[in-house]
Each structure stands twice: as C-alpha cells, then as structure tokens.
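Chains as they are written, first to last, in my numbering: chain Z, -3 to 230; chain R, -3 to 230; chain G, -3 to 230; chain W, -3 to 230; chain V, -3 to 230; chain L, -3 to 230.
Keep in mind that the hints were calculated from the coordinates and are not lab data. Note that the coordinates shown come from a computational prediction; the quantities given were computed from them, not determined experimentally. Please note that the accuracy of each hint is not assured.
It does not matter which identical chain is used: a pair holds within one copy or between any two.
[Claimed, not checked] Only pairs whose alpha carbons sit at most 30 Å apart, straight line, appear in this in silico DSS-like list of lysine-lysine:
#1 Lys144 / Lys78
#2 Lys166 / Lys102
#3 Lys78 / Lys102
#4 Lys48 / Lys78
#5 Lys166 / Lys78
#6 Lys191 / Lys166
Protein chains: 6
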Amino acid sequence: MRSNNRTNSQHRPIEITRNYTCHAEGSVLIKCGQTHVLCNVSVIEGVPSFLKGQGQGWLTAEYGMLPRSTSSRMQREAARGKQSGRTQEIQRLIGRSLRAMIDLTKIGENTLQVDCDVLQADGGTRTASITGAACAIEDAVEYMLKAKLISESPIIKKIAAISAGIVESKVLVDLDYDEDSNCETDMNIVMTEDKQFIEIQGTAEGNPFSQDELNEILTLSSDAIQSIFQITHK
Amino acid sequence: MRSNNRTNSQHRPIEITRNYTCHAEGSVLIKCGQTHVLCNVSVIEGVPSFLKGQGQGWLTAEYGMLPRSTSSRMQREAARGKQSGRTQEIQRLIGRSLRAMIDLTKIGENTLQVDCDVLQADGGTRTASITGAACAIEDAVEYMLKAKLISESPIIKKIAAISAGIVESKVLVDLDYDEDSNCETDMNIVMTEDKQFIEIQGTAEGNPFSQDELNEILTLSSDAIQSIFQITHK
Amino acid sequence: MRSNNRTNSQHRPIEITRNYTCHAEGSVLIKCGQTHVLCNVSVIEGVPSFLKGQGQGWLTAEYGMLPRSTSSRMQREAARGKQSGRTQEIQRLIGRSLRAMIDLTKIGENTLQVDCDVLQADGGTRTASITGAACAIEDAVEYMLKAKLISESPIIKKIAAISAGIVESKVLVDLDYDEDSNCETDMNIVMTEDKQFIEIQGTAEGNPFSQDELNEILTLSSDAIQSIFQITHK
Amino acid sequence: MRSNNRTNSQHRPIEITRNYTCHAEGSVLIKCGQTHVLCNVSVIEGVPSFLKGQGQGWLTAEYGMLPRSTSSRMQREAARGKQSGRTQEIQRLIGRSLRAMIDLTKIGENTLQVDCDVLQADGGTRTASITGAACAIEDAVEYMLKAKLISESPIIKKIAAISAGIVESKVLVDLDYDEDSNCETDMNIVMTEDKQFIEIQGTAEGNPFSQDELNEILTLSSDAIQSIFQITHK
Amino acid sequence: MRSNNRTNSQHRPIEITRNYTCHAEGSVLIKCGQTHVLCNVSVIEGVPSFLKGQGQGWLTAEYGMLPRSTSSRMQREAARGKQSGRTQEIQRLIGRSLRAMIDLTKIGENTLQVDCDVLQADGGTRTASITGAACAIEDAVEYMLKAKLISESPIIKKIAAISAGIVESKVLVDLDYDEDSNCETDMNIVMTEDKQFIEIQGTAEGNPFSQDELNEILTLSSDAIQSIFQITHK
Amino acid sequence: MRSNNRTNSQHRPIEITRNYTCHAEGSVLIKCGQTHVLCNVSVIEGVPSFLKGQGQGWLTAEYGMLPRSTSSRMQREAARGKQSGRTQEIQRLIGRSLRAMIDLTKIGENTLQVDCDVLQADGGTRTASITGAACAIEDAVEYMLKAKLISESPIIKKIAAISAGIVESKVLVDLDYDEDSNCETDMNIVMTEDKQFIEIQGTAEGNPFSQDELNEILTLSSDAIQSIFQITHK
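Next comes chain Z alone, as it looks inside the complex (with noise of 0.2 Å):
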C-alpha cells in the first residue's frame, strides 16, 4: 500500500491556505502530503527591459528549498553563491507553465513575479508550486482588480499540475520521495481544467517508455489533476 492509504492513481490529500503571509498580493501555502511549499506572488510596477514600451505585462518564477526541507540538509544555495541546474531547470519550469493561465496584455506593464519556497519536501515540489502558485495568481489578480489596476481578469485558464511516474512496471501518479527515488520514468504534467496540456516533461530514468504507457501516465494525470481542481476550487 502507498503512503496515506492511497490507490496507484490517487494523489496525497492536498491543503490549501490562502492568505498564508501578509505582505504579498497573492500567498498560498500548499500541502500535498509531507510537501509544503509557500506561494507568493508579488505584483510589481514595470517589467524586464526587453518588454519595455510594449504595453504588456511579464509573469516570472524562482524557486528555492529552505536548506532542511529535505531529510538531510543541503547547502543553502544563497551562501553557496549560485542556484543549482535543478532550481533553474524547474523554476523556467514553473514560470513558463504559470504564464500560460495570463494573457500578458492585460495586465499592464506590470510583473507578476512567482516566489516558491518549499518549506518541507516529500516528492513534487514543482508541481506542487504549480499548483498552489496558480492559486495565488487568481488571489494577486483579485487584487489587481480591487486596487483598480487593471479592470478584467487576464486570466485564460485555470491550471494545476501533477507528477507521475511508473514504479516497477506500474504507473502511480503523485510519487512522493521514496517512491520518486526507484521510479524508471518521471513525469511533470502541467493541465488546464479543460483538459488540455501546457507541459509534459517526462524522462526515462531507467527503462525507456512506450507510447501505451505515456498514454496510460496521461490518462491517470489528467483525472488526478481534474481531482486537484475540485480541491483548489471548490
């Protein structure tokens, strides 16, 4: 059986809370299991200089792990003096993913800029900041709203995200780290509530993967992530 009593397709229970620290336009703490990870986002006048005069907006990620989220501690990337390949690769993971549920015009030369930190990690952090980032964004985009700095919704989509993996020939959706630990492929699905995908990223860790098990990996994701949605938006 896997941790909390759950079938191969079933994710962790998630927790979400809204308003978790008082300074940021839109703060979500997300608990998908053991994985806590707190969602900021912070909405800030102008944008980068290569979108300057262009009357458009910008939605940009970072992603950290406070140095004991993990079982044992690693170097804490600000006294090392630069982000890992892993944060980079999965904070443009998360930024790029995020920026698909805005239309960037609306919102002004303004920036939406995405902090997730993983307070505890137990497997899918990324899709966990996802998740629970996306949810801050619709908080922050309440705001814009309410302070008038813009006047409609940019919001196209709403989207949540989910890991999932084949673990000895069977396919198990939202692994968390023992279990992402033996996993033969990896896989990171970014969906809207349509249906419809924003990211795929999947690897063969050992074994490579068929199409019919891509296929059964999908299939599953996409009904765990309908799932996350009746939970971040009930």
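Based on the hints, put chains R, G, W, V and L in the right spot on chain Z.
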C-alpha cells in the same frame, strides 16, 4: 498606543510551534506578532576543518529572508549570487549567541547547524531567530540524547533575545517595523535565564545615547526576556 | 515552403563529421541545416564523489553557445561569470538523455564527459547536441574497448533526438529558428532505435495542446528520428 | 604586565599621520601599538540610487586586511571572489558609526567613501579604523570647505572608538591579539567627545557577563576614549 | 626534425576559411598546423560608457578554449564561474594588438567585438587568434562599408602574429605544444606588414636571454610574419 | 622638464624600507617617486597540488591596488567579487619574473607567496612591485636560511625592473602616470644584474615602433636597471 495594544515595555504576543517541519532534529516556528521565523536545527556528523581531531563539536547559523517576507519584494539572495552584508552580520550574531548556550566539548565531533528563515517580517527578525532557535536547539539536544549520540546535556543556560530602542525619547521594547524605522537608538540584547548578558549590540542611528538611557533599555529588556522565558519554557 | 525545401514532417539535411578534433576520445561535428554543434566526449578516470567506491561509472554533459553562434551576439557566459538557466536546463536534458543509452555499471569507475558547443545556431541545438553526442559516445566506447579499459560495450540502445512544434495549427518537425520563434507548442523528443521514448519535453507557449495534437507530434517525430538513424548509422 | 608596559585601563600608544597618501581627500595612517590601518576618505559626487533627488549626501565604508597583515597569511578576498562575513560585519559597523558624526543633509548630493585597509594587525583593527577614519573625515570636510563644495561644516560631534574585554575576570582596555584570543567578553565601544554612546557591541565568548562587569567596561572605555581624543585632536 | 617537416625558422602550414559561420560580420577559421581557432567579429552599435559621446568607436576581444580543445580536458570557464588569469591575459593582448590596426575615430560609435574560440589547441593559440581575427576584422570592415555604416576604411595597417622561443639554445619559430613545454624563452610578436612592431612579449622561463638572442628571435619572427601575410592576403 | 627634475633616461628617486610590517618573512615598502608599493613575502609550507611530491617549491604572486591609491577612487576588487583582467595580467607578470630569480628545487616543498599592494600609484606600479618584491624575497630567503628551512641560498640572480616608453617620439625611462597616459609605446623590462633579460613586454598604443626604437628603449632601460641595483643593493 502601540500595535497589539501594548505598553512601551511589553513585547508582542509570542507563539512557539515545535516540530513544525518533519525532517530537522529541531524545528520551531516562532511568531512574535507579525514576525514569523522558521528555525531548523540539523545535527550533522563532523566539524569544520579548523576543529578536526579536537574531540569537540561546533554550532553555526545561517539566516535568510524569503523574498516576499517584506512589504516590498527583496531580491532572492541565491539568484543575486551573494548574501548581503546585513544577512552576514545577522547570521554571525545568531551563531555567536547560540554558541554561548552549549558546551561544545560535550557534543562530540558533531555540528549543530542552525537555519533561521524569515517567512514574514515585521521587525525584530534577528532576536526572534535567536529565541526560536534556542528552543529548536533544546529539541535537537533531546534528539541526540535519545539517539544516544551524547550521554548528558550540553546545554549550559537557556537564552532568549529581544530588541529595544529609543523612539521620540522613549524607550520601547520589541519594536515592530514601523517603530524600528523611526528609532534613534536600536539595540539587540541576548540574555540568559539568570539575567546575565550574552550579547549587547546597540547603535545610535540618530542622536547618541547616554549611560542612563542604556541602563533603562537594559532593565526593560531584561524584564521582557524573563517574560519570554515564561512563554517558551512554560 | 519551409527552408531547405522540405515538408512539415521532414527534418533538415544532417551531416556528421567524426574525429572533428584530434584530442577527444569521441569528437563529432553535427550539422542539422544551419545548426552546427561540436560534440566532444572525454573519457576521464574517476567518478564524482557521490559514486565513489560503487564500481560504476558516470556520464555528464555540459553545453555552451559561442557568443556569435546567434544572429546577434550573446554575452560570453565565462565572462558573465555564470551559466544561464537556459544553458543549465539544456545540459541537464542532454546528460539525462545520454545516460539512458549507457549501462554505467559496465564502464568501471570512469566518467564520460560530454561537451556540446554550438558553433552556429538556427534552432534545435539541444536535439542536435543529443544526436551528435550519441555518435561521439559510440566512438569513445570504441576507444575504451581498443584501449582495453572495458571488455564489452556498455551501450544499451542507440538514441537520437528531434524537435517538433505546432505553428499556425500545423505540426512541423525539426523547427528552424524562425519557425521556433512563432510556434505555439514546442517539443523535444529523444527516442531509441526501437521507437521507445527516452525523454519528452513539451510546452504550450501559446495555446494549450490536446491529446490528439500530442499524438500527431509524437508520430511524426518518431518517423523523423528513424530517418536520422539512417544517416548517423548508415 | 601587558604589552607596551601598560595597565589594564591604558590603551596602546597611538600615532596619527595625516596626508599619508596623496590622492585621497582625507588620508590618515593610524598606529595603535602594532595595529596599523590606512584610512582614506574619498569625496565622490553623487549618492546611491535610494537617496537620489533628496538633496542629501551619504557616507559608507569598506574594510580590508592585506593578506599578510596577520601572523599567518590570509587568502586575498579579491582572489577568493568574496568578502568574508567578518569583513562585512566590520565595514557595516564602521560606516554606521561614522555616519553618526556627520549631518548628511549638509554635504549636498555627495558621498564620503571611507576605505580602511589594515596594513598590519594586532587586535583592535575595527576600533582603530573608526578612530583613524574619523580624523580622515575631518580632513575631507576641510577639503570640501576649501573647495567650496559646502559652506559650513557638517560635523556634529567628534568620535573615537576603543575595544575592551574581560580576560581572566579582569577588565582590560584595548586588547592586543593575544589578549583578544583569550578573552571571555569582547566589546567595541564608539563614543563622542562628550561621552555619549554611538555604538556598543559586546559578546560573551566564554561566560556571560553581568551588569556590573558591563558598567566597569563602559567606564574604563569612556576614559580611554577621552585620552585618545587628546592625541588625535591635540 | 620538427613537426610538419619544417626548419627552425618555418611556421606551420596556415589555412584560412572565411565566412566560416553565417551570423558574424567577420568569421574566420584559422588553422596553424593542429591549432584551430574560430575568430568571429561582431559589429555592435554603441560603445562602452567611458567612450560615449566622443564620436569614436571601440574594439575589444574575448578568448576562450573549448574544454576539450586540449590533450586532457580543461574545466569549462562558464561552469567554473570565472575566466582564468591566463585567459584574461591573452584576451587583453589580442584586443590591444588589434586596436592598433584600426583608426577608432573612423568607425563611428560602434564596437568591433572580437571572439576567438579555440576549437583545437597545439601551441600558439594567442598568435593564431590575432592573425585570424585580423582577417575577420577586414571582412567586418567590408561589411560596414557595404552597409554604409562607414564611408572609408578605418584600417591603418595589416597585422599578423607569431610565437618564437629558444629550445635547447636554438631559436625556433611557431612552437607547437611540445616545443613550447620545453622552451627556455617564450615570445609572442605582433607586427605590421611593413615590419614595425605592435607588441612584443617575451619571458625567460628557464635561463635569461641576451640581446643577441632577442635580435635573432625578432629577425626570424619578422620573416615568418611576412610569409604569413603571403598566405592570409594572397 | 620631467617630474623630479630628471632627464629622459633617469628613473625617479627610489627608497626601500625593509621590515616595513612585522609579520611577513620579507616585507619591503618601495617608493619610486610617488608610486608606493608594499611587497610582502610569506614562506608557506606546502606547494600547489600540481607540484606535490616532486621535492621542489613554488613561487606565486598576487597584486592589488588600494581603492584610493589612484587619483579617482577605483572599486574595491573584493567587493566587486573579482579581480580585473589588468590585475590578473600584472600578477602573472610579477610571479613569472620573480620565479626566474629562484632555483625552486632548492627551497623544499615550500611556497614563496608574494603580495604586492599598491598604497599610492603614479605609474610603473608593476615594475616597482617586481623590484620591491625581489628585495623582499632576498629577506625571506635570509629568514629561511636562519630558520634552517634550507641550507643554501636558492637565489640564482638578482633582478629588477623598469618601465619605458615613447612619448612624442622620445624614449623616456620610468614614466609617471601623466607620461604613461600619453605614450605611444609602453614597455616593461625585467633584467638581471648581469644585463640579461627576464621579461620584455611592449605595446604600441599609438604608432607601431621600429627595431631602432626598441633598441634605444632596451639600452636606456638596461642602464636604469643597473642604477636601481646600486640603490637596492648598496
């Protein structure tokens, strides 16, 4: 009237949550009013090279603020590629103060690695970090005793910390961010449960301060620290 | 009509020059249309510390673009003092994909260090890097066999890679830079010679994509990769 | 007996050479016993961006030790690529203390940039830096007055600094390196010529210290600082 | 006998491929024996800030070696996070020498950015870089004339470069890597087509050298450079 | 007339203070006119890893300028986080030149670490560094002999250095900053006491120079260096 309806000599409400995260040997979330700091203590085998072979342990601390722990977003230090001078000064203060509560010759060649990460800031983050981390160290010591890594407690004295300052010629204890921004003298005091000093660090940011003012600050701070011990060690 | 007079499902002309430089154990210059990448593989004694003493080897990859490989000059990463997030994401993809073609337990405590340096870029540099480096690894393995560093080939499967995307609702294979700049979905696919998947990474940069679109991309990419194997392994 | 045949409350011989180098607007070599620090003050047009347009000036300080200013050679911070936490803590203390002697609204949008470089170290480099730099600032102010950059002196108070500590239960003033290495409490005090405090920073490195011990340290330090003013401003 | 069957005063075979890559305004692959350097020149609008508004242009150079351009793999400077002292010394030499061939007042406020990247190294990479880049600059100047960015050629003199050295008391021209590793004096000479000197840089790595030896080196190098002009400007 | 009332072939007044600081094994303050450099030599046990176990020693040099050693303040390299290309080029020249005066096989597995720090600059800092450091090395060698770290002197030859240049078609020796800013050719020459060359590094910053001009520079520089030996080794 001050925030939280308190007098000049009162500290803000303090809340301590132990075992806030699941991986660290000591993990405390401390809330001092709107200042929230997660203090994790890791017990790590080995010591820095300058101590190797001397049969003693080490304690060191790192400090960070989440980018949106503050009213306007700060740049992420990991992305910027270095820790600010302020961060370095604070983490040196935290480590120095906490080392005074432990007999390092009694923990074997192990390191107590303290991580103080500010989730939300409203003044007094360095003193909240010390107070919270002191509790987390006690939990980590409990862990070491149970795991039989050590056979007797290395804790010399309990410690706690508070900030104080002079605002408009009045001494205030435990300044929040607004008070801190306007203070003429800013002081941080770390004390033991028996009212001895571990660290005093005070700066005249406006007018210089007199011996009398210093004495008043120290008296009120000492009282506040005793009150904090009632909360952290009830 | 597309560049190089090709249909939507055709890849650009591919040219492989083996032994392009004289020092590396495997050295391949791959040209995919106007995209030219020099892929060098070095056989280096020893493994990273996390693998020491386990009797197995390692494979890792680094990626770089010459400053003027692009239409306008990019800053030299060595001068800037760090690799961009894009570079890190790409070199992690390259290393991950190539590790899947080698049984690391069969190369002793040696490291295959892959360097992919883009001399000229016109889209698809990461997939060209994987295809070229896979050939260079085969040459480096030949070298190891001849030098009696190993007694049997550690190669599990041949691999190759291609990009694909959706431009104006049509699926295109092997996008050049202009096509890539306008695509709505951008995907990179790494496959084995027996049509299994090693890595899929796809992003909706404009509209989300459907399961049907995904299937069409994968089918056309699979055919293109089979065609590439005809060229690289004739 | 202490080095330089002095009592517990005596500071080491102090020597001030003004105009030590020819380019800086203020340039002082201060020798406190075997501790030698070159303090240069540069008058630079403009202020940091956070002060622009406010019609006031700024004062900031940097601190460094020559690699062989110490008994065994330290790594050069420029070669290592970053300043240590100790360096940052010290230069923040120096800048903060010196800002208290200047009315920044009276120097226009100019910056007083202080550089304290330790040529030879024997304890007390940070307090020697403050005392020496305070003199160099006075010279730089003279320069500004003569050059008609300002029309009245912005100096509020003269300041000087001393270290003190508790060694084997006795309070010592102006510790040299050997004394400092063995002290239980280590304190740095910055005062004005009228005996007010600018900065107090004290740490119990061994046993905690009491209010009585603190008072004794402050009394003796105050006397020593008055004696230093006799030398620096005779 | 030396490599390539040549006498002590002969340089290695030189091959110049113009327009080696398609994006740069000047792009030359130079092969001097087994030393292969790709020299790209970019014409970039604007000048560094220290030259702004003076109506003149600038020329600067960067140099790099691909990690496996050498017999054993070197660490990638971009991954290491800084350029080595050797790299910096070489790129300063290249930039300085090439600036002497251009009248910077005749190129408007534009920058000629030279990138010399060593694909394969066998001694003499810095002199090959200068000789190759000098040709690429001529092509970039042609481009500027055709694009009517400038109306007359800014080229003052053609330049080329060669290395020379003393090995076992004999003067050798154009040392390969093995010769260079054993030489007692190592010199790099940059000259104009009319036999004037642009740069001389010579080091006694073993015994000091005499005025007579210097003269012999300069004479042979001057002849070799004239021979190189026959190849690069036939 | 030139500064210090000297002819074109005269160097500035030189003053050598030995034992300038107390910790270094060799410590020389050299003043060449208004150029003042502190040259410290540290004798350090051990050699870099590339020399370990070969029974020989090493000599290396680092160079720095105090931020206000120059007419306008330069950024502190330690604060900026890296050494400039100029610094790296100079310290490589200093180390290379000084290695030529020592038989490294005669100092055991020890390193002579040279630190040249410019307190005040007025042109010719690199040659002053070499001349001063050569004296400091002699003192460090004396220390090693007395401490019986070595039994015979490893010094092969005494060396000294001078700059020279062509200003308005005249050859000048030992250029000060103003002269250096206007020179057409700039050369640095390092020689032994018996008039052999250790290093020649010359650049045509304006017009190229001829063999005749080179010869005149070398003759005058050689004479000046002999004169310097009279001062440094009287």
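Results for each hint:
1. Neither within a single protomer nor between protomers do lysine 144 and lysine 78 lie at most 30 Å apart by alpha-carbon distance, with minima of 38 Å and 37 Å respectively.
2. Taking identical chains as interchangeable, the C-alpha atoms of lysine 166 and lysine 102 lie at most 30 Å apart only when they sit on different chains, with a minimum of 27 Å there against 44 Å within one chain.
3. In this homomeric assembly, lysine 78 and lysine 102 never come within 30 Å of each other (Cα to Cα): the closest approach is 34 Å inside a single copy and 34 Å across copies.
4. Proximity of lysine 48 and lysine 78 under a CA criterion of 30 Å is satisfied in both settings, with 28 Å inside one chain copy and 25 Å between copies.
5. Taking the shortest Cα distances, lysine 166 and lysine 78 never come within 30 Å of each other, neither inside one copy (37 Å) nor across copies (40 Å).
6. Proximity of lysine 191 and lysine 166 under a CA criterion of 30 Å is satisfied in both settings, with 23 Å inside one chain copy and 20 Å between copies.
Going down the numbered hints, you'll see the structure goes against 1, 3 and 5, while the others check out.
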